[in-house]
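Student: Given only the sequences and the hints, what does the whole structure look like? Please build it.
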Amino acid sequence: MAWSAGKTLFLIFLVVLPMVSYTVYAERRVSALIQDRIGPNRTGFPISLLGFKKDISPILGGLGQPIADAVKFLLKEDFVPAHVNKPYFWLAPCLAMIPAIVTLSAIPFGSELFGTKLVVADINVGLLFMFAISSVSVYGIVLAGWSSNSKYPFLGGIRSSSQMISYELGMGLSAVPVLLICSTTSLTKIVDYQVANGWLLAPFMNGSLSFPEVLLWIPAFIAFVTFTISMFAETNRLPFDLPESETELVAGYHTEYSSMKFALFFLGEYTAMIAGSALTVVLFFGGWHIPFLPTGAQHWFWGLCSIAAFFAKVAALLFIFIWVRWTLPRFRFDQLMRIGWYYLFEIALVNIFLTAGILAFVK
Amino acid sequence: MAYTVPRPKLTFAEKIYLPSIIAGLAITFKHLKRMLAGQTKVAMQYPEEKWDKNLPEHYRGAPTLVMDEHGRERCVACQLCEFICPPRAITIIPGELPAESKFAKVEKYPEEFEIDMIRCIYCGLCEEVCPEQAIFLRKDYAITGTSRAEMVNDKKKLYELGGVMDGLVNKWNPLK
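Protein chains in written order, with our numbering: chain A, 611 to 973; chain B, 160 to 335.
Because the hints were derived from the structure by calculation, they are not lab data. One should not assume that every hint holds.
Claimed, not checked - Only some residues are given here: those of chain B computed to face chain A with a beta carbon under 10 Å:
1) I175
2) Y176
3) G183
4) I186
5) T187
6) H190
7) L191
8) M194
9) T199
10) V201
11) R233
12) V235
13) L239
The C-beta atom is built at its ideal place from N, Cα and C for all residues, glycine as well.
Tutor: The following block contains the structure:
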């Protein structure tokens, strides 16, 4: 009990929330660098207020920005327009943030520490749980769009619901090959399989490479590509950010929101991004596994290393999220629907049969 | 008659779109890498890095009064600059030189000389019109204050900013 509460607190307050705010910071810095700008590099930590001699701003410049942003969001006026449907208007930001955090509970974020598995809820249907909860987050957006009682949020909400439902299919189906290969839906067992047999996308990571592994690499790669694309759409990231496309819909579903309510949508989006990256890492990049090193079962030091490895992989994927965002323009809505229904869905479906065929052939 | 715009024929690589994405990612990564390596020229980081060294010779900053090499004020309070100033930023109160001075009854001197930096438009006409080469536009550009009164440069401040302009001064600076 104490352990699981400790793990939850560690995961949410020491890892995820700082990670969310620093992902926002990274987004701003990386976008600036990609666009030949510098980005926020001024806000340091005013430690001279605490009695230190000098602020450490020049080198760590900008690292105080997320804290300043949070303070700004908390202190801003929380304005609720008169025309909104108040109960749902208040419910929507919570529904945007909570599912994103809850999905993280099933993620194994490390191997073992002092004999405890580093996962908040080790459920045997972890993957299904992730899909189920992450699709709840669409309600946050739909409710926000509807209860705002205003045209642009409404359009954003509609777009979001149709987009999320379309890409949910592609995402679910593209994860099926992983289930076939690992023959389990428990996320911890999927990681255990990859520790024993090599990562799905890098089968040589356990030190050996066999012919079936090479064959299975092909469907795993296809699954990875389709899964990542649907993940982009699920988390409303560019090139699929139609629910909040600024150029068309002012700000999309959160147009009428201000202050911390707006910030909750913002945080929810980034938490969903982290949850998505974490799931991708678990499914395709061996979770917390560091190749050729002992796991946390041997020594607590390796347990800490596995946590670090997991979040390093997540950070790398987050960088790819940001990188793609500042490269690609937004899709048109009919293009988005066509990609989802005509291509991703079919490719994922065919990939299942391909995987099953290969598995029947090699086993 | 309707004209049908011919659509470009896409190759297979363009149709599946992924190669173009990779190409785009490569381009943005190149920019990222060049920024990180410091190969991209970026805007001046203002408070750390100032304009002072980078200003051109003909820059027109704050108008100031200058002294000659003997520390005498050049201004004779003829008020030409006051009259030509388009926004009427300059106010001069001329005064008589004391009787013991060599130039008493010949020249005047400014008792007060004020330039209102809120009004000044940095046109440089005062510098052009000055027959005594006493007023010059220097390179001060960050002119700030917390009140209107603070923004008015009095005579003392103007000499402080201007300093000494010795030797033969080119009246008609070809650069200006």
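Student: Broken hints, numbered, in rising order?
Tutor: Checked against the structure, the hints that fail are numbers 11, 12, 13, while the rest are satisfied.
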